[in-house]
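Chains as they are written, first to last, in this note's numbering: chain A, 1174 to 1293; chain B, -15 to 488.
Since the hints were derived computationally from the structure, they do not count as laboratory data.
Check each hint, because a few of them may be wrong.
As the list claims (entries may be wrong) - Where chain B lies over chain A, by a calculated footprint (3+ residues, C-beta under 8 angstroms):
no. : stretch
1   : 1208 to 1217
2   : 1235 to 1249
To be verified - Across the chosen pairs, the derived CB separations fall in these ranges:
no. : chain 1 : residue 1 : chain 2 : residue 2 : range
3   : A       : Thr1177   : B       : Gln255    : 36 to 46 angstroms
4   : A       : Leu1219   : B       : Glu13     : 25 to 35 angstroms
5   : A       : Leu1219   : B       : Asp203    : 47 to 57 angstroms
6   : B       : Ala329    : A       : Asp1232   : 26 to 36 angstroms
7   : A       : Gln1196   : B       : Glu0      : 36 to 46 angstroms
8   : B       : Asn10     : A       : Gln1196   : 46 to 56 angstroms
9   : A       : Gln1289   : B       : Gly218    : 22 to 32 angstroms
10  : B       : Gly344    : A       : Asp1232   : 23 to 33 angstroms
11  : A       : Thr1177   : B       : Ser19     : 18 to 28 angstroms
12  : B       : Glu339    : A       : Asp1232   : 48 to 58 angstroms
13  : B       : Ala171    : A       : Leu1292   : 20 to 30 angstroms
14  : A       : Ala1198   : B       : Gln90     : 25 to 35 angstroms
15  : A       : Ser1175   : B       : Glu13     : 29 to 39 angstroms
16  : B       : Ser86     : A       : Ser1175   : 37 to 47 angstroms
Note that the coordinates shown come from a computational prediction; the quantities given were computed from them, not determined experimentally.
C-beta atoms are modelled at their ideal positions from N, C-alpha and C, and glycine is treated no differently.
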Amino acid sequence: MSHTVLVCDDAVFMRTMLSDILQQAGFTIVGEADTGTKAVAKYKELRPDLVTMDIVMPDMGGIDAVREITAFDPQARVVMCSAMGQQALVVDAIQAGAKDFVVKPFQPSRVLEAVQRVLG
Amino acid sequence: MDLSKYVDLFLSEGREHIAELTGALNEMENSPSSSDAVAAAFRAVHSIKGMAAAMGYTVVTERANAMESALDALRKGESQVTPSLLAHLIEEADDLAREIESAATQSPPGVAEEATPAKVEPAVKSTTHVRVRASRLDALMTLVGEIEIARGRMERELRRFSDDDLSSAFESASRLLNELRDQVIGARMVPVGQVFERFPRLVRETARSLDKEVDFTLDGAEIELDRSILDRIGDPVMHLLRNALDHGLEATADRERDGKSPRGRLTLSAQREAGYVLIRVADDGRGIDRERVLARAHELGIVGWERTTLDDVELLRVLAHPGFSTASSVTTVSGRGVGLDVVDAAVRVLGGAIEIKSVGGRGTAITLRLPLSVAIVRALVARVGEELFAIPFTHVLETLALEPPSSALRGDEWTMTDIAGVQVSVVMLRTLFGLAPRISEQMPGISVLARGRRAALVVDEFIGQQDVVVKRYDLPRGGSTMFAGATVLGDGSPALIVDVNSLI
C-alpha cells in the first residue's frame, strides 16, 4: 500500500507541483492545507504517513504547526519545505520536530530523497 | 521536469498574490503601524518568490526577493514604514506584476531566442513594456557609436563643399542622430534600486555579525544609470558598505562613551548631478585615522616625510594606492582604507572617479562619481607627436596657453605652473609618451581635475572636441595604465583615450 501524504503550503501552485512529484513516485495525497491551523486539524483527522510543511503561511506558521503536530503525535513525520534564505528557520523547524527539509525551488529527486529517508 | 503545465497556475495564482500584495500595501498606507498588513504583504511576495523560483523565472524571483527583504525588515521592526519606502514598494509591486505577466507569457527559454521582434498588437493591454534582450540594447548602442564615427567623417568630407542644401540636410540628420543616441542611452538606463535592493539585507546581516546597531537608509533608488555601469558597481558599493560597518562605525559601547547615539547611521544614496550620477556611502562613525594612515604612507614611501598632515585629497591618493591596504598591520586601524584601491580601479575603468570626505569622530563619506553612460564620452582630442589622444571631458576644466618659465626654455625641468593664481603640477605628455621634450613660449595646455587635484597637461596641438566611442581593450599584464581605452576618430584614425586619473 502506498504511503499517504498531507501537503501544506499556502500556494496552490506549490501544492500542485509537490503533489505531482509525490504522486508520480507512487504516493497518495490524502489532503492539502493552506494554513498552519488547517494543517494541524487535517493531520489529526487524516493521520497521514507524511506531512510536507511550508514555513511561511497565514494564520499559523509552519513551525508552530509542526510543534502542535509533534505534540499530538511524537511519531509524526514532517518534511519542511523552506524557501531560499530561510535556512535559519530550518533549525527552528527541526527543533520543533521536523525530520528533514527541502529548499524551494524543488528538485524532484531531492524531494523524494528526503521523503524516502524520513519514511525510512 | 516539464514546467510548462504549471504556467497557467503560476500566472493565475501570481495575480492573486499581487492583488493581496497591493491590498496590503494600501492598508499600510492607511495605517502604517499595522503589522498584519506588513505580514500579509511579506507572505504574498514570499509566495511569489517561491513559485517563480520553482518555474525558473529568475527576474521575478530576484525582484520578489528584494521586496521580501524590505518587508522582512519592516516585519521585524528593523525599519519603519515611511512614505518614500511605501511609494517605492508600490512601484515595485507594479513592476513585479508586469514581470509575472511577461515571464508567464514569454515562450520557454530557448524558444524565446527566435521570438518575432516587436510585433505590435494595439489590442493587447500591456504594450507599455516590452522585454528586450540586453545584448540587443548593447548592439544598438554599438551601432549608434559607429554612426557617430561615420558622422564625424562625413562632417570632415562636407567641409570640401560649400553647399547650403547639403549642409542643412547634414545638420538635420545630425540632430536626429543626437536624439537617437539619447533615446538609446535612455533605453539602457535602469534604476539603481535594482542592484541596491539587496544591500539592506546585507547591511543588516553584516551589522548583526559584527554585533553593531545600525540604521541604514537607502536614498534615490529611482535614480537611473546605464545598465552596464550599474552591473559593475554592485561589488564596489558592497565593499564600501562592509568597510563602513566594519571599520567606520564604532562598537555600541564606544559610541555611548563618546556621547553619540548608540545606533550608527549608514546611508547609501544616489543622486543626479549634471551628466553624472553620484553614489555615496556615508557613515557617522569614527572617521579615518589620518595619523595612522600618514605614518604607514611614510613607511611605504607613498608620501614624503615633509608632509605632516593629509587632506582629503591626499588621503584618497594614499588609500587608493595599489597595495596600500594589503599591509595587514594597517587593515585594522586604517578605517576605510581596506581595499579602496580595488574600488578605485573599478570606478576608473568606468570613466568615473572617487571622492572622499572624512572628519575624525564624525564619520566618512565616499562618493563614486559615475558617467551616465559608459559607451560614449565627450572628449578633447589633442595631438602629441604623431599620435592623437582623447582626453575625456570628465576631467577637463579648460584649455589654455601656458607660458613655460624661461628656465624650461633652456631645457630645464618644468614641473609647476600658475593657473589663475594657483600653483599646479605640469604633466608633459611628450615626455610621458617617451618623446623628446619640445618647449616653446606658448604651449597648448589642458587644465584638468582628477581625484580632487589639479594639473596642467601639455600637448603639441589641440584638434578639437568630439563624442568618442570608448572601445575597451584588455591591457597586457604589466602594460601601461595611462589609457582607459581606444576610439576611432572621424577620419578613421585610431586614438587612445587618456586616463587622467593615472597621470596625477
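These are the hints, each one checked on the structure:
With a threshold of 8 angstroms between beta carbons, the proposed coverage of the stretch 1208 to 1217 of chain A by chain B is violated, since 0 of its residues qualify and at least three are required. Check on the stretch 1235 to 1249 of chain A: 0 of its residues sit with their Cβ under 8 angstroms from a Cβ of chain B, so the three-residue criterion for coverage is violated. The hint said 36 to 46 angstroms for the Cβ distance between A/Thr1177 and B/Gln255, and at roughly 60 angstroms that hint is violated. The hinted range of 25 to 35 angstroms is not satisfied by A/Leu1219 and B/Glu13, whose Cβ atoms lie roughly 42 angstroms apart.
For A/Leu1219 and B/Asp203, the Cβ-Cβ distance of about 52 angstroms falls inside the hinted range of 47 to 57 angstroms, so the restraint holds. B/Ala329 and A/Asp1232 have their C-beta atoms about 52 angstroms apart, which leaves the hinted 26 to 36 angstroms range violated. The supplied range of 36 to 46 angstroms is broken by A/Gln1196 and B/Glu0, whose beta-carbon atoms lie about 24 angstroms from each other. Distance hint check: the CB atoms of B/Asn10 and A/Gln1196 are about 39 angstroms apart, inconsistent with the given range 46 to 56 angstroms.
Distance hint check: the CB atoms of A/Gln1289 and B/Gly218 are about 41 angstroms apart, inconsistent with the given range 22 to 32 angstroms. Range check, B/Gly344 to A/Asp1232: about 53 angstroms between beta-carbon atoms, so the 23 to 33 angstroms window is missed. Range check, A/Thr1177 to B/Ser19: about 37 angstroms between beta-carbon atoms, so the 18 to 28 angstroms window is missed. For the hinted restraint 48 to 58 angstroms between B/Glu339 and A/Asp1232, the CB-CB distance of approximately 52 angstroms keeps it satisfied.
Between B/Ala171 and A/Leu1292 the Cβ separation comes to about 54 angstroms, which falls outside the hinted range of 20 to 30 angstroms. At roughly 31 angstroms, the beta-carbon separation of A/Ala1198 and B/Gln90 lies within the given 25 to 35 angstroms, and the hint holds. For the pair A/Ser1175 and B/Glu13, the supplied restraint of 29 to 39 angstroms is violated, since their beta-carbon distance comes to about 50 angstroms. Distance hint check: the CB atoms of B/Ser86 and A/Ser1175 are about 40 angstroms apart, consistent with the given range 37 to 47 angstroms.
In terms of the numbered hints stated before, the structure departs from hints 1, 2, 3, 4, 6, 7, 8, 9, 10, 11, 13 and 15, listed from lowest to highest.
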